[in-house]
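Novice: Residue strings, one per chain:
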Amino acid sequence: GESVGLHLPTLSVQEGDNSIINCAYSNSASDYFIWYKQESGKGPQFIIDIRSNMDKRQGQRVTVLLNKTVKHLSLQIAATQPGDSAVYFCAEIGVDSSYKLIFGSGTRLLVRP
Amino acid sequence: KAGVTQTPRYLIKTRGQQVTLSCSPISGHRSVSWYQQTPGQGLQFLFEYFSETQRNKGNFPGRFSGRQFSNSRSEMNVSTLELGDSALYLCASSLSGDTQYFGPGTRLTVL
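Note that the protein sequences, when read in sequence, are chains A and B.
If you count by our numbering, then the first sequence holds residues 107 to 219, one letter each, in order.
If you count by our numbering, then the second sequence holds residues 13 to 123, one letter each, in order.
These are computed hints drawn from the structure, not numbers from a lab.
None of the hints are false.
Now the in silico label distances, taken between C-beta atoms and shown as ranges:
#1 B/Ser108 / A/His178: 22 to 30 Å
#2 A/Phe152 / B/Lys25: 27 to 35 Å
#3 B/Asn83 / A/Gly147: 24 to 32 Å
Facing chain B, according to a computed beta carbon distance under 8 Å, are these residues of chain A, among others:
#4 Ile140
#5 Pro150
#6 Asp155
#7 Phe195
#8 Leu207
#9 Phe209
A few chain B residues that face chain A, going by a derived Cβ cut-off under 8 Å, partial list only:
#10 Ser43
#11 Phe57
#12 Gly70
#13 Tyr113
Cβ coordinates follow ideal geometry from the N, Cα and C atoms, glycine included.
So that you can see chain A by itself, here it is in the shape it has in the complex (with noise of 0.2 Å):
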């Protein structure tokens, strides 16, 4: 069936080291992906898309990659900072178009000052 999942539940790093977020999925057709952080007693929150028909996509200290060949999704935050200690989950729209979000098991991020 589809499922979205994460190699690394933990990763630590540096401040102001750039972190690599990875997500693998399994479903090659979905064609719309979405990158959370949710921070403790908060819902999630967006930070980045990216179609299928991109490859690449940037944000501010964000960037997105997107590889269907290996249907490997990853985030990579620049300069890694304290406030960025979340848990980052990639998400999976369904590709029947049915909206629904099919979200990884996410990645705790660590920042050690």
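Please build the complex by placing chain B on the supplied structure of chain A, with the hints as guidance.
Specialist: Okay, now just chain B, sitting in the frame of chain A:
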């Protein structure tokens, strides 16, 4: 523009009771989706409403239901509560259904 709001933020109920949660989407958004978040199952889709019609439904029992009003506000109801229904219930709004913005959630505890 105000974000998605959910009420109440916290709720404690006992087994067998029923509960109604409310969600107000971002102004102009017509799609409202509901998700359940638990440590064990992660984020799971419940259902999605668009223009007062349920457009999609996840794999939850019939005890979970919802509706959407003409102003796009949405409610979800859970009847005959079970201990396993304890979770964070998240509402997300969208213009058309794809890019979804989440509210802070309602933390439901079933005793």
